[in-house]
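Please work from the sequences and hints to get the whole structure.
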Amino acid sequence: MAEQQTNKLGLAALSCVVVSSMVGGGIYSLPQNMAAGASVGAVLLAWLITGVGMYFLANSFRILSDARSDLTAGVYMYARAGFGSFAGFTIGWGYWLCQIFGNVGYAVITMDALNYFFPPYFAGGNGLYSIIGGSLLIWGFNAVVLRGVRRASIVNIIGTVCNIVPLLIFILITAFMFKADMFDADFWGKLASHGKGLGSVPEQIKSTMLVTLWAFIGIEGAVVLSDRAQNKNDVGKATFIGFLGCLAIYVLLSVLPYGFMSQAELAALPNPSTAGVLEAAVGKWGARLMNGGLLIAVLASWLAWTMIAAEIPFAAAKNGAFPRVFARENENGSPSVSLWVSSALMQAAIFMVYFSRDAWSTMLSITGVMVLPAYLVSMGFLWKMCEDGEYPKTAVSPRSEALLSSMFGSFYAVWLIYAAGLQYLLMAVMFLACGIPVFVWARRENAPNEPVFKGREPWYAGLLIAAALVAVYLFSRGVLEI
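109 is the number of the first residue of the sequence shown in my numbering; add one for each residue after it.
Among the hints, erroneous ones may be present.
Stated by the list, open to error - Below, simulated DSSO-like cross-link-like pairs (lysine-lysine); rule was C-alpha separation at most 27 Å, straight line:
| id | residue 1 | residue 2 |
| --- | --- | --- |
| 1 | K345 | K501 |
| 2 | K340 | K492 |
| 3 | K340 | K501 |
| 4 | K492 | K426 |
| 5 | K116 | K287 |
| 6 | K116 | K426 |
| 7 | K345 | K492 |
| 8 | K116 | K340 |
| 9 | K562 | K426 |
Read the hints as simulated data drawn from the structure, not as lab findings. Quick caveat, the model's predicted, so the values are computed rather than measured.
Written as C-alpha cells, this is what we have:
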C-alpha cells in the first residue's frame, strides 16, 4: 500500500503536468503564429474568446472531476458513461492519437530549435538528422516513464520551472521595449502585409483558433491522471492553476511584441519566433536564451504528454474498452505495454513528417483537431447529466453552474470544429475509423457473449467508415490538401 501511495501525484505534481502539457514548444512560436494572419486587435479578441471558452472547458472538467470522481482517466470515461461503449472507445482512441501526434510535433520543433545551435543539420525539423534525433528522444522518454510515473513527475516539475523562467524574461524585455504608437499603428490590420489588409476581423480571429487551441491542449491533463492523484480534490485545483497561469503568459507573449515590431515583421519571423523577437531587441544572447528555453519546454511537455499517452489505453483496458494487453504494468507501476505501443506509434508517425512540407504546422493542426471530439463529448456528458437529473445533489458546484458551464463549453467546442477547416476534420475522421478493428477486438475479448455493437452503434460505425472513405477519395484526388 505504501509503495502504491509513493507512486501517486500531489497538487504540485498535477499542476506541473497541466502547465507543462500546455506550455510546450508551441508557446515559443506564438508571436509569429498569431501574427501570421491577425492584427493585434484580432489577437486580443481571439484570446478573449479563447479565454472565455477555455474557462468553461476547464470549469466543466473541474466539476466533472468532483461530481463523477469515480470516473478516472477523464475524457474516455465520460464518453463511455454518457454515450455507450463505442463512443467511449472512439473518444479514447482519438484522444490517444492526439497525444501521439502532439509528441511528434514536439520532435519537429525540438529539432528545429537544435538547428540554431547546429546548422544546417536540423533545418525544418523533419530531415534525416531530425528523424534520428527525434527517434532517440521518443525512446529516451519511454525509458524514463518505464521507471515509474512518480519519478517521471519529479523530472517534469524541474523541467516546468526551468521552462517558465525564459518566458518571464521575454515578457519583461518586450514590456520594457513596448511602444504605444507602434502597438496601435495598425490595430485592426487594415494596412498590414505591405499595404494589403488581413481581411475582416472575424476572418483574422478564425485564422488563430487552431493556434490558441494548441496552446491549451493539455488542460485536462490532471483529469486524465486523476487515478494517480493523492487527493481527488487536487484534480480540479490543478486544472485551474494551470489554466489561469498559462492564459496570462499566452496573452502577454503574443501581444507585447506588437509594441516592438509590426505585424508584417512578426509574421515573417522563422520559428521559434520568440528567438527572433529577442534577437532584434537585445542581440544574439536573446535568441540563444529562447532557443535553449524552447528545448527545455518541449522536453518537459513531451514527458508529460508521454505519461498521458500511456495512461489513456491503460485506463481504458482496465475498464474493458481496450484489449486486455494494454492493462499490463511493470514492477514500477508504469503501464508498460501501453507505453511501448504509444512509443512505437510515435516512431511510425515521425517517419511520416519526413515527407511534410511544413511539418510543424501540419502536426499542430492535426493534434488540435484530434482533441476536439474529446472536449465536445465531455461537455455533452455534463450537459446530459444536468438535463437527465443525474447530477449529484452532493456535488460542490450547483447544478445551474454545471449546466451553464457545459452549455458554453459545448458551444466553444463546436466553434473550434468549424474553425478547424474541412480538410483537418476529414483527416480526423480517417484516423478515428482506423480504431474500429481495435474496438471489435476489445469487445470480443472482454464481452464474448454480447454483441460487438449495441443499439444504434452499427449505424454510427457505418457513418464513420463512409465518411472516412469519402475523405480518402477527396485526398487521393487532390480535391483536399493538407
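Next on the checklist: Check whether the Cα positions of K116 and K340 lie no farther apart than 27 Å.
Outcome noted: Holds, because 11 Å separates the two Cα atoms, which is no more than 27 Å.
Item to check | Restraint status (C-alpha distance of K116 to K287 at most 27 Å) | outcome: violated, 48 Å
Checklist entry - For the pair supplied as a hint, K340 and K492, is the alpha-carbon distance within the 27 Å limit? => result Status holds; Cα separation ~23 Å.
Checklist entry - Is the hinted pair K345 and K501 satisfied, with a Cα-Cα distance of at most 27 Å? => result Since the Cα atoms of K345 and K501 sit roughly 21 Å apart, the hinted pair holds (cutoff 27 Å).
Item to check | Satisfaction of hint between K501 and K340, Cα-Cα up to 27 Å | outcome: holds, 18 Å
Checklist entry - CA of K116 to CA of K426, is that 27 Å or under? => result The hint holds at about 18 Å.
Next on the checklist: Check the hint pairing K562 with K426 against an upper bound of 27 Å on the C-alpha distance.
Outcome noted: Satisfied, since the Cα-Cα distance of roughly 21 Å is no more than 27 Å.
Item to check | Pair hint outcome, K345 versus K492 [Cα-Cα no greater than 27 Å] | outcome: With Cα atoms ~24 Å apart, K345 and K492 stay inside 27 Å; holds.
Next on the checklist: Against the 27 Å threshold, does the CA-CA distance of K492 and K426 hold or violate the hint?
Outcome noted: Since the Cα atoms of K492 and K426 sit roughly 25 Å apart, the hinted pair holds (cutoff 27 Å).
Hint 5 alone, counting from the list given before, is not met by this structure.
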